[in-house]
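Chemist: Below are the chains, spelled out letter by letter.
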Amino acid sequence: MKILVCVSNVPDTTTKITFSSDNTQFNTAGVQFILNPYDEIALAKAIELSEGGKGTVTVIHVGEASSEPTIRKALAIGADDAVRVNAAPRDGYFVSYQIAQYAKVNVFDLILTGRESIDYNGSQVAAMLGEFMDIPSISIIKKLEIEGNYASVEREIEGGKEILKVAFPFVASCAEGVTEPKIPNMRGIMSARTKPLQVLETSDIEKLATFKSYTTPPPRGSVTMLTADETEKLVNLLHNEAKVI
Amino acid sequence: MSVLVYAENAEGKFKKSTFEVVSYAKAVADLLNTDLTAISIGKVESNELSTLGKYGALRVLHVASDKLETFVTQAYASAISEAAKKESATVIVLANSFSGKGLAPRISVKLQAGLADSAVELPTIEGNSFTVKKTAFSGKAFAFVELNSATKIIALNPNSYHLTETGSEAVIEDFQPTIKDSDLRATVTDVVRATDKIALPEAELIVSAGRGLKGPENWAMVEELAEALGAATACSKPVSDAGWRPHEEHVGQTGIAVSPNLYIAIGISGAIQHLAGVSSSKTIVVINKDPDAPFFKVADYGIVGDAFEVIPKLTEAVKVYKSHS
Numbered sequence: 001m002k003i004l005v006c007v008s009n010v011p012d013t014t015t016k017i018t019f020s021s022d023n024t025q026f027n028t029a030g031v032q033f034i035l036n037p038y039d040e041i042a043l044a045k046a047i048e049l050s051e052g053g054k055g056t057v058t059v060i061h062v063g064e065a066s067s068e069p070t071i072r073k074a075l076a077i078g079a080d081d082a083v084r085v086n087a088a089p090r091d092g093y094f095v096s097y098q099i100a101q102y103a104k105v106n107v108f109d110l111i112l113t114g115r116e117s118i119d120y121n122g123s124q125v126a127a128m129l130g131e132f133m134d135i136p137s138i139s140i141i142k143k144l145e146i147e148g149n150y151a152s153v154e155r156e157i158e159g160g161k162e163i164l165k166v167a168f169p170f171v172a173s174c175a176e177g178v179t180e181p182k183i184p185n186m187r188g189i190m191s192a193r194t195k196p197l198q199v200l201e202t203s204d205i206e207k208l209a210t211f212k213s214y215t216t217p218p219p220r221g222s223v224t225m226l227t228a229d230e231t232e233k234l235v236n237l238l239h240n241e242a243k244v245i
Numbered sequence: 246m247s248v249l250v251y252a253e254n255a256e257g258k259f260k261k262s263t264f265e266v267v268s269y270a271k272a273v274a275d276l277l278n279t280d281l282t283a284i285s286i287g288k289v290e291s292n293e294l295s296t297l298g299k300y301g302a303l304r305v306l307h308v309a310s311d312k313l314e315t316f317v318t319q320a321y322a323s324a325i326s327e328a329a330k331k332e333s334a335t336v337i338v339l340a341n342s343f344s345g346k347g348l349a350p351r352i353s354v355k356l357q358a359g360l361a362d363s364a365v366e367l368p369t370i371e372g373n374s375f376t377v378k379k380t381a382f383s384g385k386a387f388a389f390v391e392l393n394s395a396t397k398i399i400a401l402n403p404n405s406y407h408l409t410e411t412g413s414e415a416v417i418e419d420f421q422p423t424i425k426d427s428d429l430r431a432t433v434t435d436v437v438r439a440t441d442k443i444a445l446p447e448a449e450l451i452v453s454a455g456r457g458l459k460g461p462e463n464w465a466m467v468e469e470l471a472e473a474l475g476a477a478t479a480c481s482k483p484v485s486d487a488g489w490r491p492h493e494e495h496v497g498q499t500g501i502a503v504s505p506n507l508y509i510a511i512g513i514s515g516a517i518q519h520l521a522g523v524s525s526s527k528t529i530v531v532i533n534k535d536p537d538a539p540f541f542k543v544a545d546y547g548i549v550g551d552a553f554e555v556i557p558k559l560t561e562a563v564k565v566y567k568s569h570s
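Protein sequences appear in the order of chains A and B. Residues in the first sequence are numbered from 1 upward in steps of one, following our numbering. Residues in the second sequence are numbered from 246 upward in steps of one, following our numbering.
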């Protein structure tokens with residue numbers, strides 16, 4: 001089984017998000033970038049499915065050379081080889097189109113992504129990729145098992161789950177529950193340096209959306225402190241002052 | 246020109262989040278001086294379908310094909326895209342729900358339509374250009390996305406737009422889209438839905454607890470408080486990582502972002518990753534025994550105290566309040 005895992009390079013979860021003075025750019029100065037946490041789940045699942053000679057795992061990333069440490073991390077965790085499409089990842093439409101160009105030529109049985117990147121949270125790439133390639137896409141899965149020529153997949157829905165039977169090839173975006181992320185070992189880190197990393201140029205596609213500016217949530221008002229014995233007062237405040245119950 | 250809204254149903258019924266999306270789409274149609282048409286897919290009774298009229302849909306296209314009785318992303322995306330073409334829709338509005346996140350990107354590619362996901366406000370319209378405010382950086386910020394394509398798609402976050410009753414009954418029309426066999430390569434074999442629980446992403450009231458609860462055996466009191474309030478339950482990342490609670494209850498940067506009217510955080514210190522997921526909450530109550538817990542800085546109401554002492558008292562106070570209201 002040939003598996004492709006799409007990975008993105010995102011600010012570390014502890015990052016305090018700030019923008020340029022005109023609010024048009026995210027300030028990356030001093031920000032530590034990491035492999036997107038959900039993509040780590042997708043990668044771990046791909047490795048699990050391919051272990052013991054059952055397949056190969058290729059990671060693909062759309063980004064500039066500065067994100068190579070993230071690609072090397074994916075190789076250290078256990079991907080066999082990597083592809084980087086050399087361009088700033090302007091949006092989900094652009095990124096999924098680039099990946100589709102590669103995956104149409106290099107055929108894969110399964111393509112996995114994380115449920116969303118923790119920077120723009122679009123949840124777009126898996127489904128757009130499915131559409132560009134005209135194959136099924138299942139967004140936000142919690143479980144994936146292979147049953148012969150099909151996969152059994154659990155998808156999250158509001159207040160429950162749906163179980164689907166899907167024919168290969170397909171795309172799925174992985175959430176917590178699919179498997180546990182893997183931590184690279186020393187052998188993995190050493191071998192990552194020499195694993196193949198191919199750099200491709202981009203393909204043109206029209207621009208449909210543009211990120212124009214940013215803002216942070218307004219600061220919250222001051223806190224009203226109560227004692228442990230004032231729960232009745234709290235309920236009154238929630239009803240009369242906050243008007244939320 | 247028209248606006249098309251996808252009205253998602255759960256087992257034949259529309260939820261509040263669907264009415265929010267229809268209300269929002271009606272407001273967009275008003276801004277454009279045009280009409281709103283809804284599309285509903287799957288088995289939904291006609292009296293239920295006509296309720297969409299109350300929130301502003303003039304007509305409802307009803308797709309009742311057996312093939313589309315359960316949700317298959319590819320086929321539903323094809324049906325909605327075909328309806329959009331038939332209606333000459335220039336704007337398509339959907340919920341940014343689990344299903345919506347699968348549909349909107351596919352429709353975007355099919356129609357070469359710019360997509361603004363996770364929208365929280367009405368678009369600002371200038372000529373052919375829409376600017377949409379959306380959540381970004383997992384709730385730590387907002388981004389303004391400009392859409393310039395001829396057709397535009399907006400996926401609205403739950404609890405982000407008020408219900409507006411403007412219309413009356415909608416006219417229901419049967420709609421039979423062409424569904425290719427290749428659209429049906431995934432099939433739903435089972436649906437498990439907890440009907441007695443409130444789904445966290447759409448919940449208006451949430452009771453959330455963290456490591457301060459000391460162990461999964463102590464969650465009964467959290468659930469009792471949630472039940473008294475009619476709230477959903479949630480938890481912090483360490484709690485779901487430890488397996489005390491299921492992953493789908495994990496609120497925060499790598500879990501889900503919520504925007505309830507009331508978020509009660511008990512025994513959660515308030516790490517930046519957790520705060521990201523709750524920053525859109527209208528009112529935050531923090532209960533923590535540590536007076537220096539960072540969560541108090543973003544709280545509206547705070548109680549410094551032991552969870553095991555405060556929760557039962559608060560539950561009792563809620564029950565008393567409910568019995569009088």
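By construction, these hints were calculated from the structure, which means they are not laboratory data. Treat the hints with care, as some may be off.
[Claimed, not checked] In the DSBU-like style, the derived pairs of lysine-lysine whose C-alpha atoms are separated by at most 30 angstroms in a straight line are:
1. Lys-161(A) <-> Lys-542(B)
2. Lys-459(B) <-> Lys-143(A)
3. Lys-288(B) <-> Lys-143(A)
4. Lys-161(A) <-> Lys-312(B)
5. Lys-161(A) <-> Lys-425(B)
6. Lys-161(A) <-> Lys-258(B)
7. Lys-355(B) <-> Lys-207(A)
8. Lys-425(B) <-> Lys-142(A)
9. Lys-534(B) <-> Lys-165(A)
10. Lys-243(A) <-> Lys-558(B)
11. Lys-143(A) <-> Lys-355(B)
12. Lys-182(A) <-> Lys-233(A)
13. Lys-207(A) <-> Lys-567(B)
14. Lys-212(A) <-> Lys-564(B)
15. Lys-212(A) <-> Lys-459(B)
16. Lys-312(B) <-> Lys-207(A)
17. Lys-312(B) <-> Lys-104(A)
18. Lys-312(B) <-> Lys-142(A)
19. Lys-542(B) <-> Lys-233(A)
20. Lys-243(A) <-> Lys-425(B)
21. Lys-142(A) <-> Lys-261(B)
22. Lys-233(A) <-> Lys-567(B)
23. Lys-243(A) <-> Lys-378(B)
24. Lys-143(A) <-> Lys-558(B)
25. Lys-161(A) <-> Lys-288(B)
26. Lys-161(A) <-> Lys-558(B)
27. Lys-425(B) <-> Lys-143(A)
Chemist: Is the straight-line distance between the alpha-carbon of Lys-161(A) and that of Lys-425(B) 30 angstroms or less?
Modeler: holds, 26 angstroms
Chemist: Within a Cα-Cα threshold of 30 angstroms, do Lys-243(A) and Lys-425(B) meet the stated pairing?
Modeler: violated, 50 angstroms
Chemist: Please verify whether Lys-142(A) and Lys-261(B) have alpha carbons no more than 30 angstroms apart.
Modeler: holds, 25 angstroms
Chemist: Could you grab the alpha-carbon distance between Lys-355(B) and Lys-207(A) and see if it respects the 30 angstroms cut-off?
Modeler: holds, 15 angstroms
Chemist: For the pair we were handed, Lys-212(A) and Lys-459(B), check the Cα-Cα distance against 30 angstroms.
Modeler: violated, 45 angstroms
Chemist: Would the hint linking Lys-143(A) and Lys-558(B) be met if the CA-CA limit is 30 angstroms?
Modeler: Violated, at roughly 39 angstroms.
Chemist: Holds or violated: Lys-312(B) and Lys-142(A), Cα atoms, limit 30 angstroms.
Modeler: holds, 25 angstroms
Chemist: Within a Cα-Cα threshold of 30 angstroms, do Lys-542(B) and Lys-233(A) meet the stated pairing?
Modeler: Holds. Lys-542(B) to Lys-233(A) sits at ~20 angstroms (cutoff 30 angstroms).
Chemist: Please verify whether Lys-212(A) and Lys-564(B) have alpha carbons no more than 30 angstroms apart.
Modeler: violated, 48 angstroms
Chemist: Taking 30 angstroms as the top limit, are the C-alpha atoms of Lys-161(A) and Lys-558(B) close enough?
Modeler: violated, 35 angstroms
Chemist: Below or equal to 30 angstroms on CA atoms is what counts here, so check Lys-459(B) against Lys-143(A).
Modeler: holds, 28 angstroms
Chemist: Has the given pair, Lys-243(A) with Lys-558(B), been kept, meaning a C-alpha gap of at most 30 angstroms?
Modeler: holds, 21 angstroms
Violated hints, listed in ascending order, are 1, 9, 12, 13, 14, 15, 16, 20, 24, 26; each of the other numbered hints is respected by the structure.
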